[in-house]
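Terminal number for the sequence shown in UniProt numbering: 272, no gaps in between.
One or more of the hints may lead you astray.
[What the hints assert, rightly or not] Pair by pair, the computed Cβ-Cβ distance ranges are: (1) R43 x L245: 50 to 56 Å; (2) P83 x T56: 17 to 23 Å; (3) H223 x R157: 17 to 23 Å.
Derived by calculation from the structure, the hints in this document are not laboratory data. A virtual CB, placed ideally from N, CA and C, is assigned to each residue, including glycine.
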Amino acid sequence: MLRDIRIAIIGAGIMGEAMISGLLKQNLIPADQIVATEPRAERREAIEQRYGVRVTDDNVEAAHWAQVTIFAVKPQTVPRLLPELRGALRDGELVISIAAGVPIRTYVQGLAHSAVVRAMPNTPAQIGEGMTVWTASPDVNEQQRGWARAILGSFGRQMFVDDETYLDMATAINGTGPAYIFMVLEAMIDAGVHLGLPRYMAEELVLQTMLGSVHYAMQSRRHPAELRNGVTSPGGTTAAALYELERGGLRTVLSDAIWAAYRRSAELGKTM
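Please model the complete structure; the sequences and the hints are all you need to start from.
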């Protein structure tokens with residue numbers, strides 16, 4: 001599907017590199033059909049050597065050469081890029097944005113271009129385990145949707161939604177979610193060390209417990225409450241631990257954090 005498509009990735013940072021890596025590992029496209037842009041010379045050289053793709057500092061040339069242009073930049077960078085790239089895109093070119101909180105209308109208006117996909121991936125995309133939620137403007141045709149599906153699925157799972165408002169909600173779950181998980185991992189590891197476990201042992205216990213629990217939940221397809229009850233014996237150690245988590249307001253804190261991320265994503269969209 002992508003073998004004859006030329007792709008420009010504006011921004012060769014963490015997520016831009018994850019996209020390059022995923023596309024090449026999945027053998028979806030040859031390296032000579034990808035160009036990335038990056039302002040730092042040392043980063044350009046590193047990406048070129050690592051993946052064999054062309055890397056330039058010329059955003060306009062890259063976007064004009066491509067059939068799909070991907071904005072893999074911070075949301076604060078988008079307002080500066082749009083005037084630069086206005087008029088550079090070809091007729092029939094697809095724009096994909098992974099900039100958090102930036103709505104489709106910003107690209108449509110700023111680029112004078114109507115075929116736009118907005119996506120929200122996450123950092124596990126770096127190892128091919130990402131979760132990306134995406135939507136498309138009405139002018140994205142079926143072929144272009146197929147391109148988007150293949151590109152966004154190259155570094156993990158992808159999910160299409162037909163309502164853009166879901167993107168701000170998804171940002172608060174899958175986009176920022178890895179940070180919540182990492183904080184929980186950090187807290188559990190530190191608690192194990194405080195108990196007296198060597199750090200290497202605490203790290204392995206916590207990481208494998210988290211990994212195994214997630215795989216178990218995905219394969220069993222049972223409600224998390226049912227799985228939790230299966231671990232909890234009346235008057236046992238798990239019951240004692242869960243009581244403290246409930247007393248400390250774990251559910252409320254997580255809910256408040258997710259709502260805060262959602263509100264911030266929505267706020268970013270209003271300012272773009």
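Hints breached by this structure = 1
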